[in-house]
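Let the hints inform the model, and build the full structure from the sequences given.
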Amino acid sequence: MRDATFKPSLGRLAVHATLWGAVALYLIPLLVMLLTSFKSPEDIRNSNLLALPEVFTLIGWVKAWGAVGDFFWNSVKITVPGVLISTFIGALNGYVLSMWRFRGSQLFFGALLFGCFLPFQVILLPMSFTLGKLGLANTTTGLVMVHCIYGLAFTTLFFRNYFVAIPDALVKAARLDGAGFFTIFTRILLPMSTPIVMVCLIWQFTQIWNDFLFGVVFASGDAQPITVALNNLVNISTGVKEYNVDMAAAMIAALPTLIVYVLAGKYFVRGLTAGAVKG
Amino acid sequence: MATLELRNLHKSYGSGLADTLKSIDLAIESGEFLILVGPSGCGKSTLMNCVAGLEDISGGAILVDGRDISGMSPKDRDIAMVFQSYALYPTMTVRENIAFGLKIRKLPQAAIDEEVARVAKLLQIEHLLQRKPSQLSGGQQQRVAMGRALARRPKIYLFDEPLSNLDAKLRVEMRTEIKLMHQRLKTTTVYVTHDQIEAMTLGDKVAVMKDGIVQQFGTPQQIYNDPANLFVASFIGSPPMNFVPLRVQRQGGQLVGLLDSGQDRFELPLDLAAEVGEGRELILGVRPEQIGIADDGAPGAAELRAEVEVLEPTGPDTLAFVTLNGAKVCCRLAPDAAPAPGATLRLRLDPARVLLFDAQSGERLRKAPGGAGEAKVTPLARHKH
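In order, the protein sequences belong to chains L and R.
Take 25 as the starting number for the first sequence in the numbering used here and just add one per residue.
Take 80 as the starting number for the second sequence in the numbering used here and just add one per residue.
No lab work stands behind these hints, which were simulated from the structure alone.
A quick note: this is a predicted structure, and the numbers were derived from the prediction, not measured.
Treat the hints with care, as some may be off.
[Claimed, not checked] Label-pair distances were calculated between CB atoms; the ranges are:
1) L:Phe138 <-> R:Asp98: 57 to 65 Å
2) R:Lys185 <-> L:Lys157: 26 to 34 Å
3) L:Gly134 <-> R:Asp147: 36 to 44 Å
4) R:Glu175 <-> L:Phe132: 29 to 37 Å
5) R:Asp98 <-> L:Thr154: 45 to 53 Å
Don't be surprised by glycine CBs; every beta carbon is placed ideally from N, CA and C.
Listed below in structure tokens is the structure:
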């Protein structure tokens, strides 16, 4: 007997065709970028976008790394501390707002949530003023601070909503066992929080790494992140356009977020749905 | 081991709100088992949290061994608690769960190992020590939660409805085990429950609570036999006490209440203090086991014929339901003595153990001191319908 689930039908065919169409829509630009980055400039001028390179060459990647490599490390220096600090403080905030409610804590949380809806542009002027006063203008440290502050609203929201689903009795039991504020946080709650930590790390990494606006406004010259450097590279208006270099540089800029998604993606889905189902 | 005393304890969640706990006064001796029992929302769990230090009190004092601990943080009170949800740390093994409190208190590793082994043996959970809480059944989690409390050898144990998440059979088993454990360890214990059977079986002392007030505080027998008011009388006992509405009448210089079963009527002499006047609405309380079947020819018994409407055999007893003054009355009979439904039953009330309550306030009306009719009640009149 044939398994019913393998029976081909018009409806099933339509579903598959649609899905493959969507896949193509998303992947073809990536394919074009990859193919172009390995072509020589002559090859690019003479051939079709989707054609395989006639001569496979890494010259585009080498040149690209020469142009944006330093700024890649700038981005790492901004992103890694930015992600870690904002996640840690967000976790601490969420812990206090869910387990140690104080008078006005709901109002405080509401005000903090407001930060999630603030457009980047609104804080540009006051923030550049603040950074200038602090002597942090045009530094990676300044950018780390900006991203931490801006990311806190999101990380606090994530952790608060995750911790709210954890029964109070756990904290009560730990208090009776003699554990203090930080012991409960580090020994009881953080070990239970892997999914939401992953969500925060991915979210913040993507936000900070891909940020362009803060980077272009608050850091210039040697301190600028890779997104700004990429823009500068692509927008050079003198000489012949080197598309292979542009594409390779764009790939270099996009690679870290891709890797983070591949490595931690399963936690992302799990973390976002955590709390939706009890147990 | 320690004595526990609550003095004029108040708890309020805000000036505009009614007090959650109103002037609680309780005291138990070292090694006693105190039950806080009452319906949900009566304040019993709040009271326990106050003793544990998880909630601040608004007034009064909590004394352990005569020392006021109400200002201390929970970790300094030397009190352990078993939670309704067990509250086991999900990322730790059973061993780590039990050892956690000892580690925090910086005991040497050898002492911790020894203590975990002792507790595990006591609760028969030695084979579970390496498991995570999620790999345990409800009953096993319950044991681990108790183990965590036992490990620190605290002055006082608090149990917050520890059995309510277990199935009926396991609940009875664990109840016996908790009682056995208490008999062996003799640690002062406060136990919160809404289950009156747990209250009766486990407690040395029982405090029945309602609306943040202790309605009655005493031994289980006092609470059962001598309830202070209608609420306590109705809350304790299964099947519950029967309540029959009654109006005070004057019959030849004596106060009586008329009982009407539909087949029979008789006037029950009421021995009440002088201030209870004619026309007052009362409630007569009588427990199902206090209604017997009248023996043939028993002289002077308060007898009443009534029609059996429903029979509920429970195994050891059969419950027969009749109607008195319009109220359903349950009689607990021996199975072989139970008549068929629809048959007429000759009931006998033990007049000495019948309780009277004021219908309006629900307060117990005590019998007049040295009242003459207390020992024996004879029907003054009997009417055939």
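Comparing the hints with the structure gives:
1. L:Phe138 <-> R:Asp98: 57 to 65 Å: violated, 37 Å
2. R:Lys185 <-> L:Lys157: 26 to 34 Å: Once the Cβ atoms are compared, 46 Å apart, the range 26 to 34 Å for lysine 157 (chain L) and lysine 185 (chain R) is violated.
3. L:Gly134 <-> R:Asp147: 36 to 44 Å: Given range 36 to 44 Å: holds, Cβ gap about 39 Å.
4. R:Glu175 <-> L:Phe132: 29 to 37 Å: Roughly 34 Å apart at Cβ, these two residues keep to the hinted range, so it holds.
5. R:Asp98 <-> L:Thr154: 45 to 53 Å: With a Cβ separation near 49 Å, aspartate 98 (chain R) and threonine 154 (chain L) satisfy 45 to 53 Å, so the hint holds.
In this structure, the hints that do not hold are numbers 1 and 2, in rising order.
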